[in-house]
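K.L.:
In case you want the letters, here they are:
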Amino acid sequence: MQALLQLTAANIRSFVRDRAALFWTIAFPLIFIIMFGAIFSGGGDPTRTYGWVDLDGSARSGELRAAFASVEDVELVDAAQDAALEQMRAGDLRAVLVVPAGYGAAIEALATSPGPPTSIEVYTDPTQTNATADTYRIVAGVLDAVSLAISGRGPAIVPAPRALQTQDLGFVSYLVPSILGMALMQLGVFSAIPLVADREKLILKRLNATPLRRWQLVGSNVIMRLLIAILQTIIIVGVGAVLFDVQIAGNLVLVGGFVLLGSLGFIALGYVIASFARTEDAANGMTSVVQFPLMFLSGTFFPIDQMPAALQGVARAMPLTYLADALRQTMVGGAAFSPLWVCAAVLAGFLGLCFLISARFFRWQ
Amino acid sequence: MPVMTSAVTTDRDAVIRVADLHKTYGQTRAVDGVSFEVRRGEVFGLLGPNGAGKTTTVEILEGLRTPDSGEAFVLGLDVHRHADALKARIGVALQTAALYPKLTVVEVLELFRSFYGRGRSAAELIDMLDLGEKRTTRTQDLSGGQRQRLAVALALVNDPELIFLDEPTTGMDPAARRSLWDIVESLRRDGRSILLTTHYMEEAEILCDRIAIMDHGRVLETGTVTELVTRRFRERSVRFDRIDALDDTRLAAFAGVSSVKHEDGEVVLFTADVPATIGALLAAVDALGREPENLMIRRATLEDVFLDLTGRALRD
Chain A
1 MQALLQLTAA NIRSFVRDRA ALFWTIAFPL IFIIMFGAIF SGGGDPTRTY
51 GWVDLDGSAR SGELRAAFAS VEDVELVDAA QDAALEQMRA GDLRAVLVVP
101 AGYGAAIEAL ATSPGPPTSI EVYTDPTQTN ATADTYRIVA GVLDAVSLAI
151 SGRGPAIVPA PRALQTQDLG FVSYLVPSIL GMALMQLGVF SAIPLVADRE
201 KLILKRLNAT PLRRWQLVGS NVIMRLLIAI LQTIIIVGVG AVLFDVQIAG
251 NLVLVGGFVL LGSLGFIALG YVIASFARTE DAANGMTSVV QFPLMFLSGT
301 FFPIDQMPAA LQGVARAMPL TYLADALRQT MVGGAAFSPL WVCAAVLAGF
351 LGLCFLISAR FFRWQ
Chain B
1 MPVMTSAVTT DRDAVIRVAD LHKTYGQTRA VDGVSFEVRR GEVFGLLGPN
51 GAGKTTTVEI LEGLRTPDSG EAFVLGLDVH RHADALKARI GVALQTAALY
101 PKLTVVEVLE LFRSFYGRGR SAAELIDMLD LGEKRTTRTQ DLSGGQRQRL
151 AVALALVNDP ELIFLDEPTT GMDPAARRSL WDIVESLRRD GRSILLTTHY
201 MEEAEILCDR IAIMDHGRVL ETGTVTELVT RRFRERSVRF DRIDALDDTR
251 LAAFAGVSSV KHEDGEVVLF TADVPATIGA LLAAVDALGR EPENLMIRRA
301 TLEDVFLDLT GRALRD
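Residue numbers (this note's numbering), protein chains in the order written: chain A, 1 to 365; chain B, 1 to 316.
Read the hints as simulated data drawn from the structure, not as lab findings.
Some hints here could point you the wrong way.
Said to hold, decoys possible - Residues on chain B that point at chain A, a partial pick, calculated with CB under 8 Å:
no.	residue
1	D84
2	A88
3	Y116
4	T170
Beta carbons are placed, not taken as given, at the ideal position from N, Cα and C, and that holds for glycine.
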């Protein structure tokens, strides 16, 4: 146990003192997020475009529509309720306002004698808190003004909040799980380089002349990488949340589970590379050859369904596709490319395969 | 010119017993029937040129390589079957110091200390190997000699009964070499057994109680330095600066002299009876009213033994 802890500490020290490793695992993904986030944040969202569903069709509902339409920047799209909600789900509308049948009659009654306020339904996506707050601010302003004009007293109309889970993520929300997946992939694949370097420098041979067990050696490497994976997750998600307002609405246990499963799989891939690379230079080259296709063909930067059909087939063969997909689903509630259990099964299978290959071919000296 | 190695006995005090060890890499017979024994408390040297099979032999004994055939017992344990138990009790310095480049001296020592249930503290070893000024230096910034010293310190971290030092002074300057020799001496005084390999004749002569001379994967001869030398060179040489008045015929007539040679302005008399030859020489020189300059009596060296055994000089 003491040996495992000391060796893990030694690995962490070596890692932290290696500027190149620090850059690739911490700085590189952050640069991606900040760069893409700065370019795309705010761009994708439709600004104050609301669906307008009028189930009442009275003069009073017409007045209300006019009141909303007069607010600066607000654009109303008239539609039937189902169509409006569908558009919102697809990300074309920020909110949907529904005026219920009987609204006009209720307002008429309130104008003459006091009574309980009537309501209109307001659909927003609570996971997009900023947009939701903005919508309710607009709605409250309009309803207060209209209420005052009608009764001269307290609120005549109040919003009835409705939640609608949308699948369309802002680009940064799409990007954060992708970048996290990419960073975990790199962290794992790059484990090949110090491993081959230690073998080349005869450190593995020297360790083999001590009572240290091989599982302790491998275990300390894996523990070190998993700790860094957790750190990466916190940093990347934190930066996404603080700088770009990416909402983490998922199940943290599931997120953590996929972070660990994905990291283990790619660490095992690093051992596969170390099984076949004889020199540190060769390991460097092989990690590049492995990581770039993974990075660009796994829907990291663009949704897979926007790729050409041929590349979509390639993407389906990439293990990173399933890690990023699972992280998107569990972190920000993104649309599923594959069901979660398929993602878990693919990643577990990938881990098993890499483990078997490296168990068969890895050489200590 | 195969020479019989000393017979393998089942000495109870043997810390290493090797019998007819073989290891082949492709076409190369790296170890080709090696047998020897190291007794408890002795410094035993494997002496031979690079490629003689010294390192392969040692690495088999350290449990790092599997022999093709033959027996190898270390501390009474079969090396191949009980490698794990053995590794806790031996200390190893590889031919090339293998160190985590980004860790400091004290960090590496504490790391290796954690692999063993018992041993010496980092502070003790730093003191012993005189690494105090470098204790917080990363190993990548150490000089060659400092790296070697740290590698030896790591070999001592578990306070082992038996220490393997593979070419421990290669790349060291003379001062560093002497200080390492002092450390080996103190380990011997402390009762440790040491197996070291070297291709430095002087190192073998100064440090080793017994030596096995290796070449081409075989042990050519084993014994103390005196045994190795006197077994084949019974004569000694008497040397002095040339004196013109003494010609070769007079020199050859001195008692005990078998032949006369000249080397770099020196006269070399080979003799089986040193006192008689010296007596005759001193009398003759005294008669001339002079004194012999740089008079020296030398026996043959390991270098001469190696040359005689292999027909080649040991030096690279």
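K.L.:
Compare the structure with each hint and give your call.
P.N.:
Here's how the hints hold up against the structure:
| no. | hint | in the structure |
| --- | --- | --- |
| 1 | D84 | holds (6 Å) |
| 2 | A88 | holds (5 Å) |
| 3 | Y116 | holds (7 Å) |
| 4 | T170 | violated (14 Å) |
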